Amino acid sequence: MVSSSDISAIHGSAAAADRLRRRRAAEWRLKAYGIAALTLAGAALVILVGSTVMKASLAVTEHYVELGFELSPEEVGTTPEEIRRANFDGIVKAKLRSRLPSLAENRAARRELYDVVSSGASFELRERVLAEPALVGTGFDFPLLASDDVDLYLKGVHGGLRTAEHSGVLSPTGTTGEIRLLSTADDFEPLLDEVKVTLLEEAEQMRRLAARQEAGRAVRQDDAAAAETEAERERLLAEAQRYADQRDVYNRQADALDARAARPGGTEALTPTTPSVFIRVNGGVVRATEVSSSEIAGEVMIPLESEAEAPPEDWTYLVMSTPENSRRISDVQIVAVETLREQGAVDSSFNWRFFTSADSREPELAGIWGAAVGSFWTLLVTFCLAFPIGVLAAIYLEEFAPRNRLTDFIEVNINNLAAVPSIVFGLLGLAIFVAGIEVFGVEIGGFMPRSAPIAGGAVLALMTLPTIIIASRAAIRAVPPSIREAALGVGASKLQTSFHHVLPLAMPGILTGTIIGMAQALGETAPLIMIGMVAFIVEIPGGITDSATVLPVQVYRWSDFPERAFEARTAAAICVLLLFLVAMNALAVFLRRRFERRW
Amino acid sequence: MTNQRLSDPAVDSRAIKFETRHVDVFYGETQAIKDVSVDILDNTVTAFIGPSGCGKSTFLRCLNRMNDTIDICRVTGDLLLDGQDVYARSVDPVQLRARVGMVFQKPNPFPKSIYDNVAYGPKIHGLVGNKADLDAVVEQSLRKAAIWDEVKDRLDQPGTGLSGGQQQRLCIARAIATAPEVLLMDEPCSALDPIATAQVEELIDELRESYSVVIVTHSMQQAARVSQKTAFFHLGVMVEYDDTTKIFTNPTDKRTQDYITGRFG
Numbered sequence: 000m001v002s003s004s005d006i007s008a009i010h011g012s013a014a015a016a017d018r019l020r021r022r023r024a025a026e027w028r029l030k031a032y033g034i035a036a037l038t039l040a041g042a043a044l045v046i047l048v049g050s051t052v053m054k055a056s057l058a059v060t061e062h063y064v065e066l067g068f069e070l071s072p073e074e075v076g077t078t079p080e081e082i083r084r085a086n087f088d089g090i091v092k093a094k095l096r097s098r099l100p101s102l103a104e105n106r107a108a109r110r111e112l113y114d115v116v117s118s119g120a121s122f123e124l125r126e127r128v129l130a131e132p133a134l135v136g137t138g139f140d141f142p143l144l145a146s147d148d149v150d151l152y153l154k155g156v157h158g159g160l161r162t163a164e165h166s167g168v169l170s171p172t173g174t175t176g177e178i179r180l181l182s183t184a185d186d187f188e189p190l191l192d193e194v195k196v197t198l199l200e201e202a203e204q205m206r207r208l209a210a211r212q213e214a215g216r217a218v219r220q221d222d223a224a225a226a227e228t229e230a231e232r233e234r235l236l237a238e239a240q241r242y243a244d245q246r247d248v249y250n251r252q253a254d255a256l257d258a259r260a261a262r263p264g265g266t267e268a269l270t271p272t273t274p275s276v277f278i279r280v281n282g283g284v285v286r287a288t289e290v291s292s293s294e295i296a297g298e299v300m301i302p303l304e305s306e307a308e309a310p311p312e313d314w315t316y317l318v319m320s321t322p323e324n325s326r327r328i329s330d331v332q333i334v335a336v337e338t339l340r341e342q343g344a345v346d347s348s349f350n351w352r353f354f355t356s357a358d359s360r361e362p363e364l365a366g367i368w369g370a371a372v373g374s375f376w377t378l379l380v381t382f383c384l385a386f387p388i389g390v391l392a393a394i395y396l397e398e399f400a401p402r403n404r405l406t407d408f409i410e411v412n413i414n415n416l417a418a419v420p421s422i423v424f425g426l427l428g429l430a431i432f433v434a435g436i437e438v439f440g441v442e443i444g445g446f447m448p449r450s451a452p453i454a455g456g457a458v459l460a461l462m463t464l465p466t467i468i469i470a471s472r473a474a475i476r477a478v479p480p481s482i483r484e485a486a487l488g489v490g491a492s493k494l495q496t497s498f499h500h501v502l503p504l505a506m507p508g509i510l511t512g513t514i515i516g517m518a519q520a521l522g523e524t525a526p527l528i529m530i531g532m533v534a535f536i537v538e539i540p541g542g543i544t545d546s547a548t549v550l551p552v553q554v555y556r557w558s559d560f561p562e563r564a565f566e567a568r569t570a571a572a573i574c575v576l577l578l579f580l581v582a583m584n585a586l587a588v589f590l591r592r593r594f595e596r597r598w
Numbered sequence: 000m001t002n003q004r005l006s007d008p009a010v011d012s013r014a015i016k017f018e019t020r021h022v023d024v025f026y027g028e029t030q031a032i033k034d035v036s037v038d039i040l041d042n043t044v045t046a047f048i049g050p051s052g053c054g055k056s057t058f059l060r061c062l063n064r065m066n067d068t069i070d071i072c073r074v075t076g077d078l079l080l081d082g083q084d085v086y087a088r089s090v091d092p093v094q095l096r097a098r099v100g101m102v103f104q105k106p107n108p109f110p111k112s113i114y115d116n117v118a119y120g121p122k123i124h125g126l127v128g129n130k131a132d133l134d135a136v137v138e139q140s141l142r143k144a145a146i147w148d149e150v151k152d153r154l155d156q157p158g159t160g161l162s163g164g165q166q167q168r169l170c171i172a173r174a175i176a177t178a179p180e181v182l183l184m185d186e187p188c189s190a191l192d193p194i195a196t197a198q199v200e201e202l203i204d205e206l207r208e209s210y211s212v213v214i215v216t217h218s219m220q221q222a223a224r225v226s227q228k229t230a231f232f233h234l235g236v237m238v239e240y241d242d243t244t245k246i247f248t249n250p251t252d253k254r255t256q257d258y259i260t261g262r263f264g
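Residue numbers (numbering that gives the first Met the number 0), protein chains in the order written: chain A, 0 to 598; chain B, 0 to 264.
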């Protein structure tokens with residue numbers, strides 16, 4: 000036995016003070032861990048949202064090339080049928096050709112020029128004319144949507160043109176075709192050096208090839224030494240010799256490249272693997288094909304007005320450091336866009352199209368409205384199935400069901416269902432709703448169309464049910480028993496008690512749970528992929544049986560596309576999806592706050 | 000104690016409203032009420048007293064079958080309301096509860112308007128045909144519950160916004176709106192302050208005019224003040240049942256004597 004006076008002596012002791020100090024330190028540490036965890040989580044959120052929004056910012060605006068059109072009745076006709084049949088694609092192409100004739104001289108260049116505007120531009124022109132046939136025969140300006148790569152170039156994604164320093168007076172030797180441009184200063188020396196660096200890289204690559212040949216030779220040499228027959232040995236030695244010869248060829252080429260790079264001055268050709276250089280002088284544009292320290296040979300892309308000498312301030316020396324092979328926009332397109340920009344024909348506006356159009360293969364034409372409408376129909380089906388079933392199940396379990404093994408079993412399984420991976424629900428939905436299964440020769444299910452919101456909604460309803468049931472049961476349980484007693488006491492039946500008193504009081508909680516379940520369903524991708532809602536759908540779905548896709552699946556699809564412009568649209572679609580989710584959760588919080596009752 | 004009486008202690012020879020014989024109540028395996036037989040008279044306030052857990056509330060809740068809501072509860076014996084067994088198959092508990100109203104320990108108005116609280120019972124039982132009659136029933140009930148003057152100007156305001164005593168009187172009004180014959184009160188004043196208690200007690204005495212009232216109470220003073228008949232329960236057994244004056248002045252059983260003199264409980 001210890002006496003209480005012994006124990007009370009412990010309070011003031013050094014050991015007690017030490018223990019107290021350790022306790023305080025532990026408390027402080029726990030607080031620090033908590034703050035660190037919060038900071039980490041906050042930083043992760045900021046980075047996630049920040050990077051998404053930054054990427055999405057590229058999709059906020061879209062660029063146009065505004066060109067004047069004058070459509071004659073012979074060209075497009077006057078009646079809607081004629082207009083519908085008219086070749087607007089040809090009209091747009093002809094317009095581009097006539098606007099920049101010097102860029103449309105050969106087929107390859109022409110094709111690149113046509114790609115400056117989107118393939119959807121001619122459809123839009125047709126729609127415009129169809130909507131207003133009076134335009135035929137008059138002159139009007141029409142903004143042609145720029146293609147995705149041009150749009151991104153104009154937003155500076157593909158690297159911008161750099162204006163290089165220069166000090167010499169430039170004299171062109173002609174106005175069209177292949178000409179030479181002579182500068183009085185060594186203005187092109189840095190460019191030459193830059194090209195020579197690429198020569199060194201090329202030499203390096205050659206040496207690697209040579210090394211590979213050498214390895215091949217060594218293997219044959221060893222094999223020859225171990226060969227069993229004379230003939231075999233000779234064959235292998237001959238092969239080894241061939242490898243050695245090839246190795247020497249590569250080495251000689253590498254040496255030559257090194258020598259070219261090491262030699263001061265000289266002339267080097269500009270290829271699609273070297274930076275592109277444009278000289279803007281006397282109202283024209285020249286693309287360099289050969290460069291030496293003070294001279295450039297090149298082809299005229301926009302004709303010069305004269306051969307007059309240009310003082311340093313009158314000519315521009317433009318460098319695109321990314322080689323043509325490594326970028327999505329060609330030299331011809333750069334010159335076309337820059338020339339059009341100079342002429343004031345390039346404009347940008349807010350990208351409404353993204354919010355009003357459906358999916359497209361062309362990123363500049365793609366929008367999320369189709370997916371948003373698909374999500375709406377899908378969630379409508381989900382709500383109509385899951386809400387009544389969930390609420391009625393919850394009421395039955397809470398208010399009517401006897402407490403026995405069966406209801407315990409059901410309860411455990413509802414909780415288990417909430418933890419089932421959503422893809423499993425997708426497989427189930429595919430098997431039962433879409434494909435149908437045969438049980439003892441009787442076909443069950445299989446009545447729903449593929450890719451349709453009704454099938455997707457049904458699957459999501461299965462997935463959302465446990466959430467709604469669990470939330471509803473909690474809300475119903477939170478209604479105090481005194482309310483039930485009061486109702487029963489005045490002679491209400493169980494049904495009247497449940498529907499007149501318990502359910503209205505539990506409704507805010509039930510709605511909160513339902514909205515959270517719906518938000519979960521809105522963000523769900525995997526089960527919908529299983530039932531085929533991952534298809535490419537250009538039409539905006541008009542009902543629950545039309546083929547459709549939903550927002551998260553749209554995000555998933557776009558994220559798979561290689562185009563840079565789709566990356567921006569993916570991020571923008573994520574932003575829209577997040578906005579919807581935040582709005583739904585905010586609504587849930589609002590409902591809870593607004594209608595919550597306390598007893 | 001008798002000088003504090005609110006009501007006339009005399010019991011005239013009145014008709015038996017509720018006749019109970021050999022009632023046993025079980026919660027699963029445990030027996031909560033053992034062989035209780037009580038005759039509850041019409042136009043009389045009958046008080047059930049006894050220490051906590053003695054089964055008086057359980058017995059009260061048998062009278063309008065509120066125990067039906069508890070799965071494991073089992074009732075045997077005869078409970079005859081005007082000669083008819085309330086536990087008979089032919090009796091619907093919903094109908095029974097309209098005839099045997101109940102007021103609970105804690106005021107529990109519905110979170111609806113005062114009007115809707117009172118009108119709910121008549122509405123679900125179809126007691127009135129039109130709005131005017133319903134208005135009349137609501138006013139009558141509120142008047143009988145002595146709360147009309149306090150709430151007549153704010154009938155559309157939530158019943159939960161009233162004070163505790165007002166809420167309890169509103170609950171009484173709600174109970175009598177279905178025109179019951181018997182009114183069960185399960186410790187109706189235990190959540191109220193003395194002033195509200197006094198108001199409710201006064202009301203109980205007035206209600207005796209029209210109903211047979213059964214009240215469970217912890218307060219012996221309250222039993223003595225408002226009741227004509229008193230039953231003393233102890234450990235699930237009804238020890239003694241007699242006129243209130245007799246119980247409090249000259250009890251037959253030793254346990255009753257000990258309890259009312261404060262020796263236990």
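Accuracy of the hints is not assured; some may be wrong.
Which chain A residues stay away from chain B? Per the calculated CB distances, all over 10 Å, these [what the hints assert, rightly or not]:
hint : residue
1    : ARG21
2    : ARG109
3    : GLU238
4    : TYR242
5    : PRO302
6    : GLU341
7    : VAL372
8    : GLU437
9    : ILE482
10   : ARG483
11   : GLU484
12   : HIS500
13   : ASP559
14   : LEU586
Pairs of lysine-lysine residues, derived as DSS-like cross-links and limited to a Cα-Cα distance of at most 27 Å, are as follows [unchecked claim]:
hint : chain 1 : residue 1 : chain 2 : residue 2
15   : A       : LYS92     : A       : LYS30
16   : A       : LYS493    : B       : LYS122
17   : A       : LYS493    : B       : LYS111
I should point out that these hints are in silico values taken from the structure, not numbers from a laboratory.
Since the model is a prediction, treat every value here as computed from it, not as a measurement.
Where is the CB? At the ideal position from N, CA and C, for every residue including glycine.
Evaluated hints:
1. ARG21: Non-interface label on ARG21/A holds, nearest chain B Cβ at 47 Å vs cutoff 10 Å.
2. ARG109: holds (77 Å)
3. GLU238: holds (92 Å)
4. TYR242: Given that every Cβ of chain B is farther than 10 Å from that of TYR242/A, nearest at about 91 Å, it holds.
5. PRO302: Fine: 85 Å to the nearest Cβ keeps PRO302/A off the interface.
6. GLU341: holds (73 Å)
7. VAL372: Non-interface label stands for VAL372/A: nearest chain B Cβ at 40 Å, farther than 10 Å.
8. GLU437: holds (42 Å)
9. ILE482: About 6 Å separates ILE482/A from the closest Cβ of chain B, which leaves it inside 10 Å; violated.
10. ARG483: violated (8 Å)
11. GLU484: Violated, because the least Cβ-Cβ distance between GLU484/A and chain B comes to about 6 Å, which does not exceed 10 Å.
12. HIS500: violated (6 Å)
13. ASP559: holds (53 Å)
14. LEU586: holds (23 Å)
15. LYS92/A with LYS30/A: At roughly 68 Å apart (the allowed maximum being 27 Å), LYS30/A and LYS92/A break the hint.
16. LYS493/A with LYS122/B: Since the Cα atoms of LYS493/A and LYS122/B sit roughly 16 Å apart, the hinted pair holds (cutoff 27 Å).
17. LYS493/A with LYS111/B: Holds, because 19 Å separates the two Cα atoms, which is no more than 27 Å.
Hints 9, 10, 11, 12, 15, counting from the list given before, are not met by this structure.
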